[in-house]
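Undergrad: Got chain G sorted already, so can you dock chain A onto it with the hints?
There are 2 protein chains.
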Amino acid sequence: MRIPNHIGIIPDGNRRWAEARGMSKEKGYDAGLEPGLKLFKLCQEAGIKEITFYGFTADNTKRPAVQTVAFTKACIDAVKMLSKEDAELLVVGNTASKMFPKELLPFTKRKTFGNGGVKVNFLVNYGWEWDFGSLFNYDGGNKSSIIKKLKSNDISRVDLIIRWGGRRRLSGFLPAQSVYADFYVIDDMWPDFKPEHFYDALKWYDMQDITLGG
Amino acid sequence: MRIPNHIGIIPDGNRRWAEARGMSKEKGYDAGLEPGLKLFKLCQEAGIKEITFYGFTADNTKRPAVQTVAFTKACIDAVKMLSKEDAELLVVGNTASKMFPKELLPFTKRKTFGNGGVKVNFLVNYGWEWDFGSLFNYDGGNKSSIIKKLKSNDISRVDLIIRWGGRRRLSGFLPAQSVYADFYVIDDMWPDFKPEHFYDALKWYDMQDITLGG
Chain G
1 MRIPNHIGII
11 PDGNRRWAEA
21 RGMSKEKGYD
31 AGLEPGLKLF
41 KLCQEAGIKE
51 ITFYGFTADN
61 TKRPAVQTVA
71 FTKACIDAVK
81 MLSKEDAELL
91 VVGNTASKMF
101 PKELLPFTKR
111 KTFGNGGVKV
121 NFLVNYGWEW
131 DFGSLFNYDG
141 GNKSSIIKKL
151 KSNDISRVDL
161 IIRWGGRRRL
171 SGFLPAQSVY
181 ADFYVIDDMW
191 PDFKPEHFYD
201 ALKWYDMQDI
211 TLGG
Chain A
1 MRIPNHIGII
11 PDGNRRWAEA
21 RGMSKEKGYD
31 AGLEPGLKLF
41 KLCQEAGIKE
51 ITFYGFTADN
61 TKRPAVQTVA
71 FTKACIDAVK
81 MLSKEDAELL
91 VVGNTASKMF
101 PKELLPFTKR
111 KTFGNGGVKV
121 NFLVNYGWEW
131 DFGSLFNYDG
141 GNKSSIIKKL
151 KSNDISRVDL
161 IIRWGGRRRL
171 SGFLPAQSVY
181 ADFYVIDDMW
191 PDFKPEHFYD
201 ALKWYDMQDI
211 TLGG
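Protein sequences, first through last, are from chains G and A.
Heads up: the first sequence at position 78 corresponds to 78 in the numbering used here, and the numbers run straight through without jumps.
Heads up: the second sequence at position 173 corresponds to 173 in the numbering used here, and the numbers run straight through without jumps.
Next up, chain G with everything else stripped away, as it sits in the complex:
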């Protein structure tokens, strides 16, 4: 079976999941932590080399404060949770904004935890325009290989993007790294994560041809 090197995870649907249970929207984020750990362990077992989780974006921070507080806390908790595993963690996002949680500043350079192994990237207060902003006034050498010149340059090309919650769009997720990514959408909400979701995505990916635009 052909296994993707790098999987992008868009864990959408937390608020809809909470609402469907009669809870207020922001209660959905905490319920996404356990799925994140489970998915990480499945990736580890499957030999995935790199995972990028879509935490939150600069756009998301315009939501009501009770929600921004909740998803920011969930991101902090997720990073701390994974720092107890064997992983190489990196948080990427706009640290110059006050919406970036200072608890995650120590993670903005890649660091190895435990025995390392899987690279795990978190996009936290990420914005695609922010990411591409480093191209302005770029003064070094070869103008191709744009990924290497982005603020997210330590995140490699994505092979497979899995999105929970049924929406079929990228919502600003790493536009350059995702140009050739195969995009798999799961209708279930992220807190309803099941291992079958992951296995189904891998099976589907295995049937795709890989041309990288050729």
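A few of these clues could be false.
Identical chains share a label here; the pair holds if one copy fits it or two copies do between them.
Calculated lysine to aspartate or glutamate pairs in the EDC-like style (CA-CA distance at most 20 Å, straight line) [stated by the list, open to error]:
id	residue 1	residue 2
1	25	209
2	148	129
3	149	129
4	62	209
5	49	200
6	62	85
7	149	209
8	27	206
9	109	187
10	73	196
Keep in mind that the hints were calculated from the coordinates and are not lab data.
TA: Frame of chain G; chain A shown alone:
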């Protein structure tokens, strides 16, 4: 019904369509012309304001010459065909390369044909890295609104991308303009285009929420 302003069209599957009929691969491109005209007319009727067709990419030109000749000819024919309609045409792509057909040079500034109306963009010898190359050494004012600074700056944000041929990926299609686009995939090959494909995509789009990342 909520109608998208701007639809991106990825007319994939021409080669598979030809092979399935026992024809050589390059014979599939000509069969994509008539569908293009039909789709254009449906968009016109539906009140779509802008359409972008994915012609071919710089990556595609690495294919066997018999294929590159065929898809280049199909793009030239498509632009000429639509220049007989009421449309505002623009061809966007790397004109500095010899793979750019000189017949299309007159179309690289937007031009109104007939009574104008729908903006129609063709990506011809397009490359996403080429498109973003204009950001290097960009020296003017505000650094946000990246789309306005791309080589493709006369192409606006895409609301809905429809891809024929079953692949679920963007393959480098306007990464900046597509960050919030809803992505609809049709399993039939492009030469098998049916009006129902278009109507189904519009119906599906009507059911999506639009958040623009918020």
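Undergrad: Each of the hints needs a verdict: does it hold here or not?
TA: Structure-based check of each hint:
1. For the identical chains of this complex, residue 25 and residue 209 are inter-copy neighbours only, at 17 Å across copies versus 39 Å inside a copy, given an alpha-carbon limit of 20 Å.
2. Proximity of residue 148 and residue 129 under a CA criterion of 20 Å is satisfied in both settings, with 16 Å inside one chain copy and 12 Å between copies.
3. With identical chains, the CA atoms of residue 149 and residue 129 are at most 20 Å apart both within one copy (13 Å) and between copies (12 Å).
4. Proximity of residue 62 to residue 209 under the C-alpha cut-off of 20 Å is restricted to the inter-copy arrangement: shortest distance 17 Å between copies versus 39 Å within a copy.
5. In this assembly of identical chains, residue 49 and residue 200 lie within 20 Å of each other by CA distance solely inside one copy; the values are 19 Å within and 38 Å between copies.
6. For the identical chains of this complex, residue 62 and residue 85 are neighbours neither inside a copy (32 Å) nor across copies (44 Å), given an alpha-carbon limit of 20 Å.
7. Neither within a single protomer nor between protomers do residue 149 and residue 209 lie at most 20 Å apart by alpha-carbon distance, with minima of 28 Å and 33 Å respectively.
8. Within a single copy, residue 27 and residue 206 get their C-alpha atoms no closer than 36 Å, and across copies no closer than 29 Å, so neither meets the 20 Å cut-off.
9. In this homomeric assembly, residue 109 and residue 187 never come within 20 Å of each other (Cα to Cα): the closest approach is 34 Å inside a single copy and 42 Å across copies.
10. For the identical chains of this complex, residue 73 and residue 196 are neighbours neither inside a copy (28 Å) nor across copies (46 Å), given an alpha-carbon limit of 20 Å.
Of the numbered hints stated above, those contradicted by the structure are hints 6, 7, 8, 9, 10, listed in ascending order.
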